[in-house]
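**Student:** Okay, here's what each chain looks like letter by letter:
There are 6 protein chains.
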Amino acid sequence: MVEQTRFERGLAKLAEVDGQAGNDVVSPLGDLGKYIVEFAFGDIYSRDGLSLREREIAAIAMLTVLAGREPQLKVHIGAGLNVGLTPKEIEEIIIQTVPYSGFPTAINAFTTLKQMMVEKEEE
Amino acid sequence: MVEQTRFERGLAKLAEVDGQAGNDVVSPLGDLGKYIVEFAFGDIYSRDGLSLREREIAAIAMLTVLAGREPQLKVHIGAGLNVGLTPKEIEEIIIQTVPYSGFPTAINAFTTLKQMMVEKEEE
Amino acid sequence: MVEQTRFERGLAKLAEVDGQAGNDVVSPLGDLGKYIVEFAFGDIYSRDGLSLREREIAAIAMLTVLAGREPQLKVHIGAGLNVGLTPKEIEEIIIQTVPYSGFPTAINAFTTLKQMMVEKEEE
Amino acid sequence: MVEQTRFERGLAKLAEVDGQAGNDVVSPLGDLGKYIVEFAFGDIYSRDGLSLREREIAAIAMLTVLAGREPQLKVHIGAGLNVGLTPKEIEEIIIQTVPYSGFPTAINAFTTLKQMMVEKEEE
Amino acid sequence: MVEQTRFERGLAKLAEVDGQAGNDVVSPLGDLGKYIVEFAFGDIYSRDGLSLREREIAAIAMLTVLAGREPQLKVHIGAGLNVGLTPKEIEEIIIQTVPYSGFPTAINAFTTLKQMMVEKEEE
Amino acid sequence: MVEQTRFERGLAKLAEVDGQAGNDVVSPLGDLGKYIVEFAFGDIYSRDGLSLREREIAAIAMLTVLAGREPQLKVHIGAGLNVGLTPKEIEEIIIQTVPYSGFPTAINAFTTLKQMMVEKEEE
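Residue numbers (this note's numbering), protein chains in the order written: chain E, 1 to 123; chain H, 1 to 123; chain R, 1 to 123; chain F, 1 to 123; chain W, 1 to 123; chain P, 1 to 123.
These are calculated hints, taken from the structure and not from any lab test.
A pair counts as met if it fits within one copy or between any two copies, since identical chains are not told apart.
List time: in silico BS3-like cross-link candidates among lysine-lysine, alpha-carbon distance up to 30 Å: (1) LYS74 - LYS34; (2) LYS88 - LYS34; (3) LYS120 - LYS88; (4) LYS88 - LYS114.
On a predicted model such as this, the values are computed, not experimentally measured, just so you know.
Sequences and hints are given; from them, build the entire structure.
**Tutor:** This is the structure in structure tokens:
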């Protein structure tokens, strides 16, 4: 029952962070998806100590500089918007990565952000 | 004069972010140090749109997951404390990196944080 | 003649590891392809000490966590199947990467694996 | 109680994989150490589908190529020896990383392995 | 006015390095594009001490081994050709990366180079 | 005999690039050292198409941005000096890395360069 509670708590937190997009990501992933729900969201994101806004600032910055993680960057830009970051603030996070990992990773993240904003406007 | 203003603005911002430690880092670095002051601090850190607290959350998360940048992680843990993050909040940022880059980078950052707190107590 | 033997030994090992797919990868690569045959397969993969199954476990894990190497990950998932790993075991290798490099690289590798299995079924 | 079981299962698995060294690593790490026990060992390493020998082949290869994770590489070389890999086989895993990430990371891992073998002999 | 001079000097250097392609890259990037012009080209590329040919040798090698930066690699292969590197010399730079970061990143860069040469011939 | 020739050609090239330091690096590395001599130096560095000066510009830039490869960076700063790069030019290569991978990796490489110059003066 406690195990179920971790999964349930994770699912609720995932919905709070990512909206519907989160569940779309994890549901086809089998056991890997289960661990994302239970551990990433049921354990880590459910902790106190940082706001969801602050956790997504960190997540967007990390996914930008680690490179090659575009699908996850896209999900977390969506999550950032969902927990209250503005597109301008997300652009600012991307600019903040430049001193730490240079221009190429920042350009790729900026391009991803712009594409998402265009898609949103077209909806 | 404008160029001087960028450098001066950068030095002031560097002191605001890092205290004395920042100047100790950049002064032996020649032109590289000049660019850190002018560009990283005079341009990027001087922008609006994110608080210094939020910029350091991003910086600590990035330096943790990029690995192999311990001296800079140490400087930015100090900067984080300087702009108002508590040791507990910095530990929380480190825990937030685990879903994105696994345990080894988080363990190394945690060890760095603990060593700094021990050194602070011994002062 | 010895040099020729390295290349020939490499070609035979490449075929043993990757089947036809290996040759399709290296043949358009000019001298770079020659070195892959001679050095990667003629020297390294031809060594004793680890089974091909074990070498591919290592290769799939490395290509997953290094990120941004999707074409090679795809080739080595194929190689893994070719030397006797089951799709379930490859999924297990991907899950084993999570503690070392987090969820995003594992998700990308899992997605690659699933796409390959769908393509195989459609053949 | 289930939660406790995950932790207990993780501690037992950690001891099976790393011997005493594992507990020495996680015990000073606070909540981060708790997650290593519960998630990395209680969840992931406790799964079927790959032998511990195979999991450590993957771990040593990953830690070698990701670079900047020497303390964890050292722990997992110890773990590899503990689950039955010979020093010669660990050297072979390191040689297997060369086609995937080049010589510098392999040299560093080889140096770590040699230092550990010298320390063992001196005990 | 000095600030304007940095931007102007950067634009001129960008055109010298990348031709028209450079401006196409930076113009949609907002403030990020401004920093690329001012800092990367107005400050760094405008320095003495290395030729543009040597700077692009370094850039192509770095973008190859860092992985996941294909759009920038493409721009800098174009820049390399523009400052006098031959396709054969760029292939040689890519081969030179193999001892440092292995075959997968070199294969991806080689594929990018070949695609660009095919596109050029089709123009 | 041809195989011996690759090794011999590699040893001669290694001495040309690194001086005595190169042999000191590879001789304790067993088969890994043999491959460095044969493949990295006997095959790759022995190719035409780029000068040794240009190959070391690429090598220093790559080792700087890949991070966590300090021992090899040190060897190749020595190699760069050996094939005719001045300390000022090596500093310039390090500055050239900043737009591609940010300040932290450049600071670490700069610190390594300065330490080596101090050690040289003390000899």
